[in-house]
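Asks: Residues per chain, in single letters:
2 protein chains.
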Amino acid sequence: MLYFLFFMKERFAEFYSMLALDRRNSAWSRQDTFLHRYEELLSEVKEIKESLDNKDDENFKEEVGDALWDLLFLMVMAEEKGIFTAKEVIEGAIAKLKRRKPWIFTGKKLSIDEEVKRWTEVKKLEKESNS
Amino acid sequence: MLYFLFFMKERFAEFYSMLALDRRNSAWSRQDTFLHRYEELLSEVKEIKESLDNKDDENFKEEVGDALWDLLFLMVMAEEKGIFTAKEVIEGAIAKLKRRKPWIFTGKKLSIDEEVKRWTEVKKLEKESNS
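Protein sequences, first through last, are from chains F and Z. Residue 10 in this note's numbering is what sits at position 10 of the first sequence, and the numbering runs on without skipping anything. Residue 80 in this note's numbering is what sits at position 80 of the second sequence, and the numbering runs on without skipping anything.
Among the hints, erroneous ones may be present.
Just so you know, same-sequence chains aren't split out, so a pair can sit in one copy or run between any two.
Below, simulated DSSO-like cross-link-like pairs (lysine-lysine); rule was C-alpha separation at most 30 Å, straight line [unchecked claim]:
(1) 46 <-> 108
(2) 49 <-> 108
(3) 87 <-> 49
(4) 109 <-> 46
(5) 108 <-> 55
(6) 55 <-> 109
(7) 117 <-> 81
(8) 98 <-> 61
(9) 108 <-> 123
These aren't lab readings, by the way, just hints derived from the structure by calculation. All of these numbers come straight from a predicted model, not from anything done at the bench.
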């Protein structure tokens, strides 16, 4: 797993920098907007469902890749406009997983009911502290 | 950009390995299925649209992170079941971007019409070679 991760993250960084290049060097990509790319993402995500319904593993892999492409492109655009960086997106998601499911890091076994209860409690606390 | 990428890819690898841990250590996550997680992903993607409509940048960042979470979790599950790896997903997407838009790497400037024309031609050739 760790061995795989090493190569995977390098390809991830490569893909992200290629999409930044696409945004910079392609007039077609330069005219793109958040809303338009969101529509593309939504369409690619629905194609994941089709691949699952068709039990087409090769297509499943491709559609997950297409959805990742559009999701990362939204991040490239947000980064360009100074709204947020991809690093901030990932750090936010990491922090949320740590807050919502701390027991997965300790190996403590909880029942599904207990997991859902604790998750919901933390989510409620988060909403209260944001309002 | 390159400086940012270095840290971003490390956090990406960290997040991916945390999701693999979640899949392994959480009974709630262990019972998850591709179809159920797809529904979660679809719902998170639609929340991206809401954040854009509300012009809520902080929420936009969070929803992009939530969508990334579900998309990566699908990859974790596929990797566990031996269907494909995240590395293969990313390599497939990189190869597609290189095939479909080779000019972005040379700095050659094309009109949008010419870009769409070339993209469509390559896509057509791909479909013919797959059938």
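Asks: So, for every hint listed, does it hold in this structure?
Replies: Each hint, compared with the structure:
{"no.": "1", "hint": "46 <-> 108", "verdict": "neither (36 Å within a copy, 34 Å between copies)"}
{"no.": "2", "hint": "49 <-> 108", "verdict": "neither (33 Å within a copy, 37 Å between copies)"}
{"no.": "3", "hint": "87 <-> 49", "verdict": "both (28 Å within a copy, 21 Å between copies)"}
{"no.": "4", "hint": "109 <-> 46", "verdict": "neither (34 Å within a copy, 33 Å between copies)"}
{"no.": "5", "hint": "108 <-> 55", "verdict": "neither (35 Å within a copy, 40 Å between copies)"}
{"no.": "6", "hint": "55 <-> 109", "verdict": "neither (33 Å within a copy, 40 Å between copies)"}
{"no.": "7", "hint": "117 <-> 81", "verdict": "between (39 Å within a copy, 28 Å between copies)"}
{"no.": "8", "hint": "98 <-> 61", "verdict": "both (28 Å within a copy, 17 Å between copies)"}
{"no.": "9", "hint": "108 <-> 123", "verdict": "within (20 Å within a copy, 49 Å between copies)"}
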